[in-house]
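Chemist: Sequence:
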Amino acid sequence: MFTQRTYCGEVSDSQSGERIQLGGWVDKKRDLGGIIFLELRDVSGIVQIVIDSSRSPDIAAIAETVRNEFCLRVEGTVRRRSAETVNPSLATGALEVEADYIEVLNSSLTPPFPLDTRNSINEELRLQYRYLDLRREEMRETILARHRATQVIRRYLSANRFIEIETPILNKSTPEGARDFLVPSRISRGMFYALPQSPQLFKQILMVSGFDRYFQVVKCFRDEDLRNDRQPEFTQVDLELSFVTRETVIGVIEGLIAEMLRATIGLEVELPFPRISYDEAMTRYGKDAPDTRFGLELVDCGDIFKGASFNVFSAALASGGIIKCLPVPDDGAISRKMADDYTEYVKTFRAKGLPYVRYREGDFEGGISKFLSESERMALSKKLDLKGVMIVFFGSDREGIVNDTLANLRLKIGRDLNLIDESRFNFLWVLDFPLLEYDEEERRYYAKHHMFTAPREEHVALLDTLTPENINTIKAQAYDIVLNGVEIGGGSIRIHNTDVQKKMFEVLGISEEDAKIKFSFLLEALKYGAPPHGGIALGLDRIIMLLLRRNSIRDVIPFPKTQKGQCMMSDAPSPVSPAQLRELYIKVVDK
RNA sequence: GGGGUGUUAGCUCAGCUUGGUUAGAGUGCCUGCCUGUCACGCAGGAGGUCGCGAGUUCGAGUCUCGUACACCCCGCCA
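Residue numbers for the first sequence follow numbering that gives the first Met the number 0, so the first one is 0 and each next one is one higher.
Hints may contain errors.
Label-pair restraints from in silico Cβ distances [stated by the list, open to error]:
(1) 136 to 589: 44 to 50 Å
(2) 12 to 208: 39 to 45 Å
(3) 589 to 528: 49 to 55 Å
With a straight-line cut-off of 27 Å between C-alpha atoms, the simulated DSSO-like cross-links for lysine-lysine are [unchecked claim]:
(4) 382 to 447
(5) 336 to 305
(6) 502 to 447
(7) 381 to 447
(8) 386 to 447
(9) 474 to 501
(10) 411 to 474
By construction, these hints were calculated from the structure, which means they are not laboratory data. Quick caveat: nothing in here was measured; it's all calculated off a predicted structure. Using N, Cα and C, we set each Cβ at its ideal position, and we do this for glycine too.
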């Protein structure tokens, strides 16, 4: 029916005088009686259609009956608008199409919510009618930007000799890491596949196979609770390279991200990205993914309070904890009430309280100031370089709690005081992660990244003298990339030496037998001339979310799940028939 | 598993503190008028199980308890 359709948003001045065909949806209708204006919308944008009832009464009669979101075929002549009727807020605003043919291809119910973006709409409703939500300009732009991003990823990586290879979705469940989504096997009674948390093992196998540069834009699955930036299924840009060091991986990713920024939001980014060590990030910001768009750094002041009379501090130090503080310039914005709110806030991170003092031109007042000795005051104002009017918050507890607390408090104050320049995109490499972490309760070691991550070569020997105390001296060849305080990717150079891998399993308390059952194929493969290799995975959804400044990851995923993991549109998950369950040898039991 | 916020017209929200006549606004929707609008304008009209269920009370949108759903956070996840 359409012989040569023109896209609404692409009607151009060069077509002036030409007769064109359009297909789209009624975005708006302005019926002035004798003249009717329709705004017709398709994936490319909007163009104004004019119908003059005195010149074409039949067409005007049809136009009168159309409503918003009717699907139309329109034919007519492109013409320039007179100077005083140009609409500068529309890309095609200098033009319009005088219709000589209108056909209602399909009528539409009145949409349950307005499709123009002025008002915020209940997200539940948007998700229920996602097909309408996706017609909104904001969502359309998001989907298109995401498309451009994935196109650039494929083009850039292909140009850099990466090969796109698919890996299985039905996979083997592996221990550790996130909870697996399981898929029961019908053919093998009582057996289960797991959906991949990432293609980790397979991409390493591909290195052994000699595909020295692999990539995939791939769905990954983790059965954990949802968050603003976490969905049970999400997309990774996954890569792996042979014969490389960390620097090669970093270089490839920096080039890729620069291209992605250009393609999605037209921004030039400065390379290379700054780098920080894990230790420094933890010291200065209290977390391994710092937001560097503003200052307010943490300062360790355990040394100042070594002999403190203030019980809270001395007790924390005595039990092996630390004391850090967060000095904040305060021109009165942090009122007493706010300080109290912050005390409540830090309790969510398991802090017992939030000691603070006010500093005013050399004097300490309020809060815990009466517990500070003269020498402590001196040392503090020197170490923190206190000037003018400031408020200093303290954290004193186990290291993890102090860092967690002050890192989050820093972010909250940064937002409250408007210290964050929202226009910035601060990329940051975080390097030299510890190889292992120690679980106090289970009294065992865990791999911080994963168990195939290589230690730094000069630290391999330290594995023999490992204790929970010296654990942080063993660094991994692991790296994260952070954007505005959000981890957007992480990877490592892998272990390709069987002896080192054995040692790693030993440390993690995984017996040779266990390892064989769980990863025998990878361990076997590594014995057949595995090349040194490493890689990284980027969280595509998160990157798009940050670049487009969307509020949540759900806003950049076409069909996301709610916090309870449900799809409001399709109603998944849902019960299945008893017959289906029987086939799978599955019985649903009560709690 | 835990903490918090919300749920009133198709949509966005007010009303709840201090229970009391017929639950309002804007917008959308419907009808009529209107030949240069672009958030068109003007006039008229329809539209409500105040999420659901108990309770307190002479009387509950409003107070209490429970519950469902959505969102944010802790745990979980890297």
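Chemist: Are the Cα positions of residue 386 and residue 447 separated by 27 Å at most?
Modeler: 40 Å, violated
Chemist: Under the criterion that the straight-line Cα-Cα distance not exceed 27 Å, is the pair residue 336, residue 305 satisfied?
Modeler: 31 Å, violated
Chemist: Would you say the C-beta atoms of residue 589 and residue 528 sit inside 49 to 55 Å of each other?
Modeler: 53 Å, holds
Chemist: Straight-line Cα separation of residue 474 and residue 501 no greater than 27 Å?
Modeler: 18 Å, holds
Chemist: Check the following: the C-beta atoms of residue 12 and residue 208 are separated by a distance inside 39 to 45 Å.
Modeler: 54 Å, violated
Chemist: For residue 502 and residue 447, compute the direct alpha-carbon distance and say whether it is at most 27 Å.
Modeler: 16 Å, holds
Chemist: Can you confirm whether the C-alpha distance between residue 381 and residue 447 stays at or below 27 Å?
Modeler: This hinted pair is violated, its Cα atoms lying about 36 Å apart.
Chemist: Could you see if the CB distance from residue 136 to residue 589 stays within 44 to 50 Å?
Modeler: 48 Å, holds
Chemist: Need the status of pair residue 382, residue 447: alpha-carbon distance at most 27 Å?
Modeler: It is violated: about 33 Å lies between the C-alpha atoms, which goes past 27 Å.
Chemist: For the pair we were handed, residue 411 and residue 474, check the Cα-Cα distance against 27 Å.
Modeler: 31 Å, violated
In the structure shown, a violation is registered for the earlier hints numbered 2, 4, 5, 7, 8, 10, in ascending order.
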